[in-house]
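Protein chains: 2
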Amino acid sequence: MSLKTELKKRLAVIDKELEVFLPIYSDPQGVIFESMRYSMFAGGKRLRPILMLAACEFVGGNKALAMPYACALEMIHTYSLIHDDLPAMDDDDYRRGKLTNHKVYGDGLAILAGDGLLNLAYETMLNTVKDFTGFSERKIKAMLEISQASGVHGMIGGQVVDLLSENKKIDGDTLYFIHYHKTASLIIASVRAGAIIGGASDEELEALTRYAKNIGLGFQITDDILDLIGDEKKIGKKVGSDLQNQKSTFPSIYGLEYSKSKVIELLDDSIEALQPFGNRATFLMELAEYLVKRDY
Amino acid sequence: MSLKTELKKRLAVIDKELEVFLPIYSDPQGVIFESMRYSMFAGGKRLRPILMLAACEFVGGNKALAMPYACALEMIHTYSLIHDDLPAMDDDDYRRGKLTNHKVYGDGLAILAGDGLLNLAYETMLNTVKDFTGFSERKIKAMLEISQASGVHGMIGGQVVDLLSENKKIDGDTLYFIHYHKTASLIIASVRAGAIIGGASDEELEALTRYAKNIGLGFQITDDILDLIGDEKKIGKKVGSDLQNQKSTFPSIYGLEYSKSKVIELLDDSIEALQPFGNRATFLMELAEYLVKRDY
Numbered sequence: 002m003s004l005k006t007e008l009k010k011r012l013a014v015i016d017k018e019l020e021v022f023l024p025i026y027s028d029p030q031g032v033i034f035e036s037m038r039y040s041m042f043a044g045g046k047r048l049r050p051i052l053m054l055a056a057c058e059f060v061g062g063n064k065a066l067a068m069p070y071a072c073a074l075e076m077i078h079t080y081s082l083i084h085d086d087l088p089a090m091d092d093d094d095y096r097r098g099k100l101t102n103h104k105v106y107g108d109g110l111a112i113l114a115g116d117g118l119l120n121l122a123y124e125t126m127l128n129t130v131k132d133f134t135g136f137s138e139r140k141i142k143a144m145l146e147i148s149q150a151s152g153v154h155g156m157i158g159g160q161v162v163d164l165l166s167e168n169k170k171i172d173g174d175t176l177y178f179i180h181y182h183k184t185a186s187l188i189i190a191s192v193r194a195g196a197i198i199g200g201a202s203d204e205e206l207e208a209l210t211r212y213a214k215n216i217g218l219g220f221q222i223t224d225d226i227l228d229l230i231g232d233e234k235k236i237g238k239k240v241g242s243d244l245q246n247q248k249s250t251f252p253s254i255y256g257l258e259y260s261k262s263k264v265i266e267l268l269d270d271s272i273e274a275l276q277p278f279g280n281r282a283t284f285l286m287e288l289a290e291y292l293v294k295r296d297y
Numbered sequence: 002m003s004l005k006t007e008l009k010k011r012l013a014v015i016d017k018e019l020e021v022f023l024p025i026y027s028d029p030q031g032v033i034f035e036s037m038r039y040s041m042f043a044g045g046k047r048l049r050p051i052l053m054l055a056a057c058e059f060v061g062g063n064k065a066l067a068m069p070y071a072c073a074l075e076m077i078h079t080y081s082l083i084h085d086d087l088p089a090m091d092d093d094d095y096r097r098g099k100l101t102n103h104k105v106y107g108d109g110l111a112i113l114a115g116d117g118l119l120n121l122a123y124e125t126m127l128n129t130v131k132d133f134t135g136f137s138e139r140k141i142k143a144m145l146e147i148s149q150a151s152g153v154h155g156m157i158g159g160q161v162v163d164l165l166s167e168n169k170k171i172d173g174d175t176l177y178f179i180h181y182h183k184t185a186s187l188i189i190a191s192v193r194a195g196a197i198i199g200g201a202s203d204e205e206l207e208a209l210t211r212y213a214k215n216i217g218l219g220f221q222i223t224d225d226i227l228d229l230i231g232d233e234k235k236i237g238k239k240v241g242s243d244l245q246n247q248k249s250t251f252p253s254i255y256g257l258e259y260s261k262s263k264v265i266e267l268l269d270d271s272i273e274a275l276q277p278f279g280n281r282a283t284f285l286m287e288l289a290e291y292l293v294k295r296d297y
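Those sequence lines, one after another, are chains A and B.
Just so we're on the same page, the numbering used here is the position in the first sequence counted from 1, plus 1.
Just so we're on the same page, the numbering used here is the position in the second sequence counted from 1, plus 1.
Extracted from the complex, chain A is given alone in its bound form (with noise of 0.2 angstroms):
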């Protein structure tokens, strides 16, 4: 099967179980739930929850026990995405094509849905404890990886810095801090505590820690270069937004060459992170191709 083939199955999977944690109810707040499907099934790659269950069977664990904390990511990247979009933060019309969430539902309900997905993702990831039918100190600890990578000093804290640095100069730290934060931070948390919920020995955590941030890191530094020099059929969206909005990318601080470079050096440390594995590796390296080598 080809890679994409694989990915299209495995992003259904993930899919049909996010129905299950969103559905619709006729309550008198019935609105929030299509506000927060609305965001939620727009097409979204499930990166994250793809990610975090490949680090589950790569240790050789019970996917099914993972996918909860999947699908929580999942929510918790949608409502980043939701807030980030605001227009008292990046003020965007259109993601992926479609209408952002508060251009649909007003600004108050796309606050509260933001607000609701990152609680359901707690309330989801708490209601595999509730019972202790096995493992709940290994589901702990990854809901310590997610909450810790989620919060003011993970994703929150490059969100921040990202918003500081509207319209101004930023110096190279700053930029990799808000990557590392804003992006690679959640992509870390995603393999690690796919990892510890599958149960990895010391020695696959961080082999599978080296690889995250190695395709964390190289995910938003590809993003950026696609911003500057993609196709635009293929990356969905207008090509240039970040030189338009005077935005400080890897590119426009480091200069487009070394910033292909940078991108094969660590996607080459990521895959050697885990050449001591052999074939079980295959699909995690794939993967970390797939996503820090798109289309430029």
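Among the hints, erroneous ones may be present.
Treat identical chains as interchangeable: a pair holds within one or across any two.
Here are the simulated DSS-like cross-link-like pairs (lysine-lysine), alpha carbons at most 25 angstroms apart as the crow flies [claimed, not checked]:
no.	residue 1	residue 2
1	Lys17	Lys234
2	Lys131	Lys142
3	Lys214	Lys99
4	Lys261	Lys142
5	Lys169	Lys5
6	Lys64	Lys131
7	Lys99	Lys9
8	Lys239	Lys104
Please keep in mind that the hints were generated in silico from the structure rather than gathered at the bench.
Following the hints, complete the assembly by docking chain B onto the known chain A.
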């Protein structure tokens, strides 16, 4: 000791703990810590933490175990106020006589400070179970109570309906839904989670739930009454804002006299719920009277 002195003492203990969970870091995202602290230490009465600790004490539990949960509750309460005050929601410039978070830090940072506090609440609670040092089952149950009460079927659900009801005439059922979900829900969770951590018997938990439902609703109806006929000096905000905003309230739907008698009825029932427990219920009973029969 008078109740007011006792409450001040308890507030000081809680504030000292909150300081521990909300330090200032000089990281690049440092301003988010200032922003979260600004709203956290803006004069809140810590009613939810006080209720939680009192419920834990009532059932003979160890208050130290409940303390991080009490702080987490206050973080959740505070995040909900920050988001509620935003222009996209209630659009309030002042709260407790001080500028609201977004008036000081801007809308973007206020959104992130709210997100940060919600996430920190879960980080704080999860940290208490990371070493499985004891009572983990009770703690997980308490987290579930809190997460459900805060989410789309609880507090957020109430905020959604409140938002949808802006500038509309609503019926009694809708108002009850808003009051129950937006206000009572988290108050009930405060009491129940504290009791659960303290090791409540079924009988104790049932009585405390009845107590909390009554004061949760009574507290909000009293708020509605105070907004209509309160003493501005005593309540610390302008009287008549609900009328001015054409906001439906308990008195506007049911009349002032019925509202007053409803408060007394709820208070009586909250006290009756704890009657079988004799002296050890004294503080909770006094607290009910304090919360529900504030000056008007």
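* Asked: Between Lys99 and Lys9, at a C-alpha cutoff of 25 angstroms, which is it: within one copy, between copies, both, or neither?
  -> within (20 angstroms within a copy, 52 angstroms between copies)
* Asked: Between copies, within a copy, both or neither: which fits Lys64 and Lys131 at Cα up to 25 angstroms?
  -> For Lys64 and Lys131, the Cα distance is within 25 angstroms both inside one copy (19 angstroms) and across copies (22 angstroms).
* Within, between, both or neither, where Lys214 and Lys99 count as close if Cα-Cα is 25 angstroms or less -> Neither: 30 angstroms inside a copy, 43 angstroms across copies.
* **Alpha-carbon proximity between Lys131 and Lys142, which holds within one copy, between copies, both or neither at 25 angstroms** => For Lys131 and Lys142, both the intra-copy (15 angstroms) and inter-copy (7 angstroms) Cα distances are at most 25 angstroms.
* **Same-copy or cross-copy closeness of Lys169 to Lys5 [CA-CA at most 25 angstroms]** => Neither way: Lys169 and Lys5 sit 38 angstroms apart in one copy and 50 angstroms across, limit 25 angstroms.
* How do Lys17 and Lys234 come out at 25 angstroms by Cα distance, when the copy is not named: within, between, both, or neither? -> Classified as neither: same-chain Cα gap 28 angstroms, cross-chain 56 angstroms, threshold 25 angstroms.
* **Copy assignment of Lys261 with Lys142, given that the CA separation must stay at most 25 angstroms** => The answer is neither: 36 angstroms in one copy and 49 angstroms across copies each exceed 25 angstroms.
* Within a copy, between copies, both or neither: where do Lys239 and Lys104 come within 25 angstroms Cα-Cα? -> within (18 angstroms within a copy, 34 angstroms between copies)
Hints 1, 3, 4 and 5 from the earlier list are contradicted by this structure; the remaining hints agree with it.
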